[in-house]
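Peer 1: All chains, please: the whole structure from these sequences, using the hints.
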Amino acid sequence: MMHNRGFGASYQPPDVPGHRPRLAHQSSNVSDVSDFESPSYDGHPATIRGRDSLVSLQSYSNHTSPSPHDSNQQLYRRPSTTSTWTASFSYTGAAGYASLPPSSGPDIPRTPSHLRRDVGRAPSRRGHETIPEEEHDLSLLRSAAPIGQSSQYESVPDNEPIFDVTAALGPMGYQDDAFLRRLQEQEASGHLTGGLGAGFRPDTTIKGEDLLSSSPLPKRSSLTRSFSRRQKLGRAATIKDRGQDEANKQGKVIEVIIEDTPEEAARRQVDQVDLSVVAGPSIMGDDASIRHATFPVNRSQRTQVFYPQPNWKPFSMRWPYLTALIVLSVALAVMVEFLYQRSQTHPLVKFKSPADVPGLEYFAVKFLPTILSVTYGVLWQVTDFEVKRLEAYYQLSKEGGALAAESINVDYVTSLSWLRPFRAIKLRHFAVAVSSIATSLAVSLVPTFGAASFFLYPDRATRLAHPNGDKEIKLNAIWSRLLSSTLCVCALCGCILFYILQRRRSGLLADVKGIAGLASMAVVSHILVDFADLDVVSHRDIHDKLKHRRYVLRNASLAPDDENPVSSQDTDKYRDDHLSQNPHPRSLRLGGFLPFVIGIALFTGFIPVFLFSSASIITSKAPWVVTALAVCIKLGWGGLETDMRMMEPYYILSKRHSSSKTLTLDYTAMPFALMPFHAFLNAHTLMFLVGFGSMMAEVLTVLLTSLATVVGTEFLDAAYAPPPDQQDRPGGHHGVEDDGPDLGGINAGQETVSSFWISYGLATFILVYMGTVATIVFLRRRHPFLPRQPNTISSHLAFIHQSKMIYDFVNTARMSNAEMARYLEGLGKTYGLGWFEGRDGQTHCGVDEEELLGYYKHGMDFQGTNKPWNQQWDQYD
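Numbering-wise (UniProt numbering), the sequence shown opens with residue 1 and increments by one.
Take these hints with a grain of salt, some might be off.
Stated by the list, open to error - Listed below are the simulated SDA-like cross-link pairs for lysine to any residue, each with C-alpha atoms no more than 25 Å apart in a straight line:
(1) K313 to A683
(2) K313 to E246
(3) K547 to A188
(4) K313 to Q502
(5) K829 to A683
(6) K474 to Q502
(7) K545 to V413
(8) K426 to S567
(9) K804 to V537
(10) K621 to V413
I should point out that these hints are in silico values taken from the structure, not numbers from a laboratory.
Peer 2: Printed below as a string of structure tokens:
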């Protein structure tokens, strides 16, 4: 039906030369005049109406046929707005045309005007000669619509809706293999399919003049005024500033059409160089009129695209939290100095026996300082963890983006805390450097200096000689000044961090949680192509391939920055990577587990040694040693928790057929105290035990600090001593003189009997708990189940770059975490980690929707199932 330009299979071109008349209405291909002679209609030209549907043409009985004998008769087709039947066939009884009365002249008015035909064609229609517009194949009658059975028929819609069943069922019939092979060939050649890599498209177009006239310049506040005179912004800089402000205000991609002024156009014309002066004219013989554009005004017209710069931040990185952290640091430093000055003249607490001190006052002196120092460190840890996790996105959102070695290949989560600032300074990530320094000081030195600042006066020998004498709690001059200085350094780091975080945008619309968050950011551009053949390689191989490439974060999507080539200085800047080549984290390997568990066992045995033996003289001289050892145990447990947070989603996926919640699961983005409760609700028992152990590690520091200056032998003797009524000694047991020999050693310290045994019992339980849980974690997770650690953005993307599930994340970049979870749950798919057939038809290792080809087993190759006939051999290096 579509041959011969839609005029039918039997169409022959006319012999008469000249201009071919155009059809007045092309909804139907039925000819104006039939091939047979028949009487014409008698009708009025003003009563033109829409043609009836072709399914009912044969049902009319009172029809007549037009006659071709009247040479002056002008025929008209009735316009149709309902039929979409495009089959051409000859039928003489079709009531589709009406004739006009005999014409008396060529200038008869006709309505409607768009149906008017050329009068010059009238002499050519004589006798039995047909109109050379189209003819119809009678063999098509077998495909005609059935004859209607009633006078009322539904008209066929002009544009019938098209439903592509391949969207739900895939390609049909024998085209399956060819269709899939074409898609696989495109993927193998580096061309993304299925809506992937569609790129960025402007949502709004604004002229530069309209932008300059409608958007006033923002006024500078009084706090940011400068004493120096600032240069006036030029036209290009003004358009850039206002275009970016408009994009941020609307939250859309804005394209600004910039028309150069005559001076700028002339300057640009002068800057251009005509290479034909050197190379000669083109071999095609083009002249100047061809070289220049048809419309010269368009040559001076340029476009500039501005992307919105969202600035989502977690609460711990916003100005209220940072301000509170700075104020708290200064307040603690001032309070320590105030307490020191006051304790020189008025001791904090003065007592003869610990039992004489009121309970609230005893708690404030004995436990509150350590609780404050530990809580202060936790507050810094919350901020530091978010800064490390989101630093790569900050670098990518900068103008010009960042190199892969500075962004997607950086790992700050699993690196050693004391080495992290040096690495961050080398990469010029000053926010991470400042945050890491402040956190290390707050977590390790503040509790240690705090424990050493408070001391009991007089010394131990004097107190044992006179157990019922007056005792005072004061602040040590050296340790308290060190504590105040450390707090001031933390406050200074907080101010610097506040300045850095407030002057730059994150580029994020919402928190990037889990695999789903990264997948939704990687489907707009062709960034996934850069990770070809990086499924099971190490971090070093990924670094070697991507270290010289630049990437950006635009409109909440990751993309390669092809507009800014890498300079020669950048190519030599990062030669080596800093990532571990072992696919398993350090704390889950024997080399990390064994020292940690041995340290816990030794420390558990060290506690009764310094409490119930003569070795207690060591802790009496340096009580901060016990606190420092407790801090080391806490830092080691923090490394175990960090590794478990990172590996847990992938471990669940390695078990296969996991729910969609696993893709949005991200324990690394959960706060310190909330993670155990989320793990408990998710029925992740091991994660709950590890998270609960982190909370108890903070309590351990408080308990051991309180036991550092205690002589445990006195409490042990009191526990095994007979009751006072069974002792053979004169006098009653109510006087101080009678109780002195039994409780004198206890009264020499600052611990009561109940507080001592409770603190000692809880500390021992916590250490045993930590050792037991660490052993269970090692036994359950000691085997590698990934080709490499998922501790960088590039490592995550390499696991999903050929996944078929990536199609589900098209147009999801602007979804929130809750919307993403509901969307994936509505798909009803399950996911797993292992070997699967990718979009290019090859076998890959990573995360994809079920069913997968098989499990991933570290050290075993599954590449034997690849199809060599689908491989692009010419692209191998």
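Peer 1: If a hint holds in the structure, say so; if it doesn't, say that too.
Peer 2: Do the hints match the structure? See the list:
no., hint, result
1, K313 to A683, "violated (29 Å)"
2, K313 to E246, "holds (21 Å)"
3, K547 to A188, "holds (23 Å)"
4, K313 to Q502, "holds (10 Å)"
5, K829 to A683, "holds (20 Å)"
6, K474 to Q502, "violated (41 Å)"
7, K545 to V413, "holds (22 Å)"
8, K426 to S567, "holds (18 Å)"
9, K804 to V537, "holds (20 Å)"
10, K621 to V413, "violated (37 Å)"
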